[in-house]
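> This is what each chain is made of:
Number of protein chains: 2
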Amino acid sequence: MKRPARPPAGSTAGPHHLPPSGARKIGRPSKQRRAPYDIESVTNAAVRVFNRHGYEAASMEDVARETGITKSSLYYHVSGKEELLARALERAFKSLLGVLDEPGARSGTPLERLRHIVYRSVIITLEFVQEVELLQRVKGNTPTERQAMARRRRFDREVAALVRQAAAAGQIDAHVDAALLTRLIFGMGNSITQWYRHEGRLKPEQIAETMTRLVFEGIVRAAQG
Amino acid sequence: MKRPARPPAGSTAGPHHLPPSGARKIGRPSKQRRAPYDIESVTNAAVRVFNRHGYEAASMEDVARETGITKSSLYYHVSGKEELLARALERAFKSLLGVLDEPGARSGTPLERLRHIVYRSVIITLEFVQEVELLQRVKGNTPTERQAMARRRRFDREVAALVRQAAAAGQIDAHVDAALLTRLIFGMGNSITQWYRHEGRLKPEQIAETMTRLVFEGIVRAAQG
Chain A
1 MKRPARPPAG
11 STAGPHHLPP
21 SGARKIGRPS
31 KQRRAPYDIE
41 SVTNAAVRVF
51 NRHGYEAASM
61 EDVARETGIT
71 KSSLYYHVSG
81 KEELLARALE
91 RAFKSLLGVL
101 DEPGARSGTP
111 LERLRHIVYR
121 SVIITLEFVQ
131 EVELLQRVKG
141 NTPTERQAMA
151 RRRRFDREVA
161 ALVRQAAAAG
171 QIDAHVDAAL
181 LTRLIFGMGN
191 SITQWYRHEG
201 RLKPEQIAET
211 MTRLVFEGIV
221 RAAQG
Chain B
1 MKRPARPPAG
11 STAGPHHLPP
21 SGARKIGRPS
31 KQRRAPYDIE
41 SVTNAAVRVF
51 NRHGYEAASM
61 EDVARETGIT
71 KSSLYYHVSG
81 KEELLARALE
91 RAFKSLLGVL
101 DEPGARSGTP
111 LERLRHIVYR
121 SVIITLEFVQ
131 EVELLQRVKG
141 NTPTERQAMA
151 RRRRFDREVA
161 ALVRQAAAAG
171 QIDAHVDAAL
181 LTRLIFGMGN
191 SITQWYRHEG
201 RLKPEQIAET
211 MTRLVFEGIV
221 RAAQG
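Each protein sequence line maps, in turn, to chains A and B.
Here the first sequence is numbered in the numbering used here, starting from 1 and rising by one per residue.
Here the second sequence is numbered in the numbering used here, starting from 1 and rising by one per residue.
Where hints are given, some of them may not hold.
One copy or two, either will do: identical chains are not told apart, so a pair holds if it fits within one copy or between any two.
[Claimed, not checked] Below, a list of computed lysine-lysine pairs in the DSSO-like style, where the Cα atoms sit at most 30 Å apart:
1) K203 / K71
2) K71 / K94
3) K71 / K81
4) K81 / K139
5) K139 / K71
6) K203 / K81
7) K81 / K94
Derived from the structure by calculation, the hints contain no laboratory data.
The model shown is predicted, which means the values in this text are computed figures rather than measured ones.
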């Protein structure tokens, strides 16, 4: 799945993904890096700034500096911080909630559908690693944050319902607490944002495969002592 | 395992655990709540403040207000924010690293030792939920933060070594990436701090048991489709 919302890889708007920490210089970028910019690259900059300083502490001034444009130019593009947060979170949700509508999530046994959702959620998390990191820090202080939390809960509820179906079908332990299991599984998936780097040695498919096997089969193999 | 460092339950120093969000009044606590206080209740207050505002954004003024004493009284007890952070993180590490020295972590097969460590780490995480939450937010900007990150890495390295031993013994999949598996497992454990409440319906033992089964046996049961 590509991310059409982002500027093309050859764009001069700078790297879209996490820069190596400490590598980013504070201050006004060179003129060459400043233009062109658009709403998507402004959103990219906002995501970096919000994750670095926290949404509440971050200012439009910080976003302007990160983007390399003046604050008044920034307000020409967006109404304010809240809109930038909404745009950033929309990226994550569009894809995450989209997983629930994929064919693999709609057909097959509850267990097969669950496996598809877990695997694909990890892939999406790694594709939108900064947006998902931001989503986790949302505290519910603004309407946008509360909407995000409600959407997140809807995702969790749909998955928990599938866990219950799998339990009813005898595919997973019937005594398990579906809500707890769902939280543990997606808590593990979310935690990857804390250490994952696009340029790292681990590929998204390897991480998704390892986590999916862990969740469904566990780590114990035949010859256990 | 008790937490001897904390004031007794009947202390007037206020609740030690996360208050229901929104329930805490901003402002100066009543005189009755102000005394007595000691270094441990000051540390409790600091942990709450650091988690609420972020360590960097939080001030000694905020900690003083939360504790209900003046800033100058606060400096009589501690040298500053960094010391409070160090004291808070020390609580988490003393117990987390202590798990590695427990009999169950020192004897038995690699798999048995691993199982003990996973289970006990969840119990400790839930006991020190606020301190572990704080630990996860540490960014490495100060010597105390860097020391905490180094200690956390040492814990991860020791567990990863045990995962490798279990793989060598044929107890777990030999092809698994031990460092990745360790990160996923403890990422899941850490994520519990984001939703766990001491007064909630889920008991620590139930959460620890569910997570341990998930990690070792996975969720799939015999009758899978």
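> List, from low to high, the hint numbers that the structure doesn't satisfy.
1 and 6
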